[in-house]
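Protein chains: 2
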Amino acid sequence: MSKFVNIAGAARVLAVASLVCSVAQAQTPQPPSFAKATDDGQWTMPAKDAAGTRYSSLDEINAQNVKNLKVAFAFSTGFDRGEEAAPLVVGDTMYIVTPYPNTLFALDLKQGGALKWRYDPLPSAASQGVACCDVVNRGAVFADGKLIYNTLDDYTIAVAADTGKEVWRTKMGEINKGETMTMAPLLAKDKVLVGDSGGELGVRGWAAALDVKTGKILWRAYNTGPDSDVLIGPDFKPFYASDKGKDLGVSTWPPDMWQHGGGTVWGWSSYDPDLNLIYYGVSNPGPWNSSIRPGDNKWTAGIFARDADTGQARWFYQYSPHDQFDYDGVNEEILVDLTWKGQPRKVLVHPDRNGYVYVIDRTNGEVLSAEPLQYITSSTGVDLKTGRLAYVAAKQPKTGETVRDICPAPPGAKDWQPSAFSHKTGLLYIPHNNLCFDVEELDVGYIEGTPYVGENVHMKAGPGGNRGEYAAWDILKGKKIWSVKERFPVWSGTLVTAGDVAFYGTMEGLFKAINANTGELLWQFKTGSGIIGQPTTYRGPDGKQYVAILSGVGGWSGAIVAGGLDKRDGTAALGFVNAMKDLPDVTTKGGTLYVFALP
Amino acid sequence: MSKFVNIAGAARVLAVASLVCSVAQAQTPQPPSFAKATDDGQWTMPAKDAAGTRYSSLDEINAQNVKNLKVAFAFSTGFDRGEEAAPLVVGDTMYIVTPYPNTLFALDLKQGGALKWRYDPLPSAASQGVACCDVVNRGAVFADGKLIYNTLDDYTIAVAADTGKEVWRTKMGEINKGETMTMAPLLAKDKVLVGDSGGELGVRGWAAALDVKTGKILWRAYNTGPDSDVLIGPDFKPFYASDKGKDLGVSTWPPDMWQHGGGTVWGWSSYDPDLNLIYYGVSNPGPWNSSIRPGDNKWTAGIFARDADTGQARWFYQYSPHDQFDYDGVNEEILVDLTWKGQPRKVLVHPDRNGYVYVIDRTNGEVLSAEPLQYITSSTGVDLKTGRLAYVAAKQPKTGETVRDICPAPPGAKDWQPSAFSHKTGLLYIPHNNLCFDVEELDVGYIEGTPYVGENVHMKAGPGGNRGEYAAWDILKGKKIWSVKERFPVWSGTLVTAGDVAFYGTMEGLFKAINANTGELLWQFKTGSGIIGQPTTYRGPDGKQYVAILSGVGGWSGAIVAGGLDKRDGTAALGFVNAMKDLPDVTTKGGTLYVFALP
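Here the protein sequences come in this chain order: A and B.
Once you know that position 494 of the first sequence is 494 in the numbering used here, the rest is easy, because the numbers rise by one and skip nothing.
Once you know that position 330 of the second sequence is 330 in the numbering used here, the rest is easy, because the numbers rise by one and skip nothing.
No lab work stands behind these hints, which were simulated from the structure alone.
Among the clues, some could well be false.
You can't tell identical chains apart in this list, so a pair holds if it fits in one copy or across any two.
[Claimed, not checked] DSSO-like cross-link-like pairs, simulated, lysine-lysine; straight-line CA separation at most 30 Å:
#1 Lys36 x Lys189
#2 Lys237 x Lys424
#3 Lys165 x Lys216
#4 Lys341 x Lys177
#5 Lys67 x Lys346
#6 Lys165 x Lys581
#7 Lys36 x Lys398
#8 Lys485 x Lys110
#9 Lys544 x Lys67
#10 Lys581 x Lys110
#11 Lys341 x Lys36
#12 Lys216 x Lys237
#13 Lys216 x Lys110
#14 Lys110 x Lys70
#15 Lys485 x Lys70
#16 Lys70 x Lys244
#17 Lys398 x Lys70
#18 Lys581 x Lys477
In isolation and in its complexed conformation, chain A is listed as follows (with noise of 0.2 Å):
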């Protein structure tokens, strides 16, 4: 076998997208066992469980009936930033979390979805001028009566679920220094993980883990800096040498940049009960320029397993060593057990910003496999031996020079959208992007509190023109079996269901049923803005199955919408906005959300 995945292999890999199906292999994967409990109807988590699956055993919609879905009611949020979050049902009442100002509403399912409180934790209007992208919030949690949300500044809050009162607030980090929170926290027993946003602000990043019951931080681990600030220690044992090493978080940088070189946690994360294993990606090292930072500057752009009770680091994996595009490593990681090469493996599937759909063994950090999802040139592929990306070094960014067509661009053949995993067909949905960038490097000086970037970006649509698609892929092949192309990225995220029916949406406002099997497109709404948002399935208090999705445009892909930027500046947004020139033409901004029943 061949130890790099190469460009051609892609691109045929691409030109194949047909509509076989791949239902019934003898070696499907499987969900972990502790993520297969009896579907209750509720959805309390955004990734529906710790395996991070988005898997609904639901069925009563299912691919013959959808085409037949209504909207039961709507709620309109009152903001109009992007609205990423999912839409959580614990009992009878639904719970949503709005962009700044962070608002979690409450809505009374047994009465058509009235509003029955209200929660505004009223955060700092200054965090709005240090979020990166937008003002986004992905979530809360719904752990021991309590709903368990971050703030856009920094506060990780439980809110009572019955009477919406606050039940503890805990600072967690510092919006002076350019720290936001964005990131849903990800329940582990009972604890709650969270972490920092500001990569483009030169943070430290870091992630810590909090009491559910008292708020209290149990843990915190950076990662960057000292092992011991990192949590790394004895129980450490990474699989590749080049992740092996005292102090690697301080050596693999420039003297003292490790101080203010990003590698937040902002993304997904999801947790192994039996293993006792959190596992949640780091973002991309700062700034963007990486020309002034040699090194791997560890622990960015890769994945931590970490002891779930004592934060100590159990591996790491680095996706994008001294990470060039903004790669990032926050994707969603979800878990599922399957047979590797006739050996059982329990395996986290990973698609990267970078571009690869990787397969770990996820009780050791060995990378099984990683397939190019998308069109790359900025490397042609993962050395299984090493774990190492092989970069092109022409499309390394320089300064002084414009270095064009680099694929994927800074928000990657995939970002923060969530894929989801059907335990019935076996297969992976990713809802993904197709975009390429020219670059130029600039000097840049860390300022607290401001941005550090260094980069002049101008992203662009990838071959094809098609800015976004929706992907069914084979873990096991380590190929798409077919897909859905979108003008835009598909931004938002994915759910899929037992009744064979997986539920995206798109920026122009169109949320799909597609055919779990086949991609054909089954239904459609449009809404009232661009969807970014998490779709998510429950069965209501009269016992029917309903779907919610958040519509409202704007995140980093949106801002051009939702911050009203100026089309002419394609800089703006990091450079996205140059893809994104004509979105205006066909959205506009405004939080509500949708509900959607059979008659």
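With the hints as your guide, set chain B onto chain A.
Just chain B, lined up with the frame of chain A:
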């Protein structure tokens, strides 16, 4: 017949709000022939026709099947102030106007409501500061291939319906004087009638006609001041003695106070092409403190009939001489032809804020009847001989003393929310209020461009506690046939169809379909925000009937939510906040269009 409609009689009418049907009476009033043209399935002006009926002959959606109505598509306006405009449909395109910044959107109905173009007039931001009660806009009118509408900063603008390009723009007023524009223009042949808002800022009100082709101002009539300014000449033949005399617009005011005496034109108007007369109401005199402006305060709180071509006044009638309660006179005038005491009469029906539903001979201004719509304590009735409203002395506001329990409150038994008249049932459908208030007069001086009110107002629910009601009114009998009580003022317009369905929205956000014969609730849908818009219906490109409504709470009644006002200040929004303290508990802001159809 008694000269006065007494309170006991009004109470009786309220008590018998039973579900009696009045269809198929021998003397059912009919809209005049010029409003009866074959329905082409379009909706080209807010009131549907020049007679102001808001009646559609489409009957695919009827009382039997309306329960199956579903959302066809939605569109977020991207703005979060009160959405009062009527969605128009011309050909295969829908047009909606937003509150400030008064964007005009064209949606392609052949493409499922996709955005076709948007026109942004970019009104002065300062106009928001002089708008009394939210920054609403009541919509556009289609004429000569153009959408014509007003901006908050006092421009009347024509935009090409096909391209979205501005055709002409005429400056009509001056925000530094407190003038804004919120009304929808009235189309009268080749002219549009527009007027100013700002009765709470001591502006001098006017109405003007512009050439549809060029935007040239053809005439402008002031509502205070000398006859020459008011366009009162030899053709002026008011019916009642108190409206006769020279320069009453000067002599019925203390010296010079007419110069900033209000009398604006921001509500509804109608046009009778056979008589070539336009009818429009004139708002309250300024300031609200009436003690400092003794006299009838002509020509405020009444209605003008004017020659459409010359603007010369034909007659005037004053609903509320020396208006003490902001009773205004701007509500709709619905033109119907009927047999009154054996004689055919061309009348206009006008439910006024002062609480009475007027039937007026539209040829000469004679009041045929004025019957109470709601509980009234401020007056005892209308003298049909003199036309005078009989005020109750004990309810006259005073300085240094709070006068309590005045009913109706300033927003009236009914405010701007326009009624509909069914050609089929012969009934008038009136969305309205049930509000009373306490008031104390305060000293006030005139300063250009600033509030000129001089009262502390606290509004509250009227008898029964329901702040709103939706009533079916028998014009000939002068009484309610049935009514539906609502928790909040019914601040939306309404629509009635040949399918015997009436539509309206509630401030909780429910869009309701009512049996036009019985008042029975047939269907409701919970939109995202409170509804204060005007429903319209049309035949889509696919031949199906659709119903459209803008959801988006705000306006005077919803300012507590749209403006984020503090409920602890009951006098905020001119005292309306005191009556709406619980509105933020049930709804959120956000403008979204919802379009419905049968599956």
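These are the hints, each one checked on the structure:
In this assembly of identical chains, the alpha carbons of Lys36 and Lys189 lie at most 30 Å apart only when taken from the same copy (16 Å versus 70 Å across copies). Proximity of Lys237 to Lys424 under the C-alpha cut-off of 30 Å is found in neither arrangement, the shortest distances being 34 Å within a copy and 82 Å between copies. In this homomeric assembly, Lys165 and Lys216 come within 30 Å of each other (Cα to Cα) only inside a single copy, at 18 Å, whereas the closest approach across copies is 59 Å. Neither within a single protomer nor between protomers do Lys341 and Lys177 lie at most 30 Å apart by alpha-carbon distance, with minima of 48 Å and 81 Å respectively.
For the identical chains of this complex, Lys67 and Lys346 are neighbours neither inside a copy (37 Å) nor across copies (51 Å), given an alpha-carbon limit of 30 Å. Taking the closest pair of Cα atoms, Lys165 and Lys581 come within 30 Å of each other only across two copies (20 Å); inside a single copy the shortest separation is 42 Å, beyond that limit. Proximity of Lys36 to Lys398 under the C-alpha cut-off of 30 Å is found in neither arrangement, the shortest distances being 49 Å within a copy and 73 Å between copies. Taking the shortest alpha-carbon separations for Lys485 and Lys110, only the inter-copy value of 22 Å comes in at or below 30 Å, while the best intra-copy value is 38 Å.
For the identical chains of this complex, Lys544 and Lys67 are neighbours both inside a copy (16 Å) and across copies (19 Å), given an alpha-carbon limit of 30 Å. Taking the shortest Cα distances, Lys581 and Lys110 sit within 30 Å of each other only across copies (24 Å), while inside one copy they are farther apart (42 Å). Taking the closest pair of Cα atoms, Lys341 and Lys36 come within 30 Å of each other only inside a single copy of the chain (24 Å); across copies the shortest separation is 78 Å, beyond that limit. Proximity of Lys216 to Lys237 under the C-alpha cut-off of 30 Å is restricted to the intra-copy arrangement: shortest distance 28 Å within a copy versus 81 Å between copies.
Proximity of Lys216 and Lys110 under a CA criterion of 30 Å is satisfied in neither setting, with 35 Å inside one chain copy and 56 Å between copies. For the identical chains of this complex, Lys110 and Lys70 are neighbours both inside a copy (18 Å) and across copies (20 Å), given an alpha-carbon limit of 30 Å. For the homomeric pair Lys485 and Lys70, the shortest alpha-carbon distances inside one copy (25 Å) and between copies (29 Å) are both at most 30 Å. Taking the closest pair of Cα atoms, Lys70 and Lys244 never come within 30 Å of each other, the shortest separation being 55 Å inside a single copy and 60 Å across copies.
For the homomeric pair Lys398 and Lys70, neither the shortest alpha-carbon distance inside one copy (52 Å) nor that between copies (56 Å) is at most 30 Å. For the homomeric pair Lys581 and Lys477, neither the shortest alpha-carbon distance inside one copy (37 Å) nor that between copies (60 Å) is at most 30 Å.
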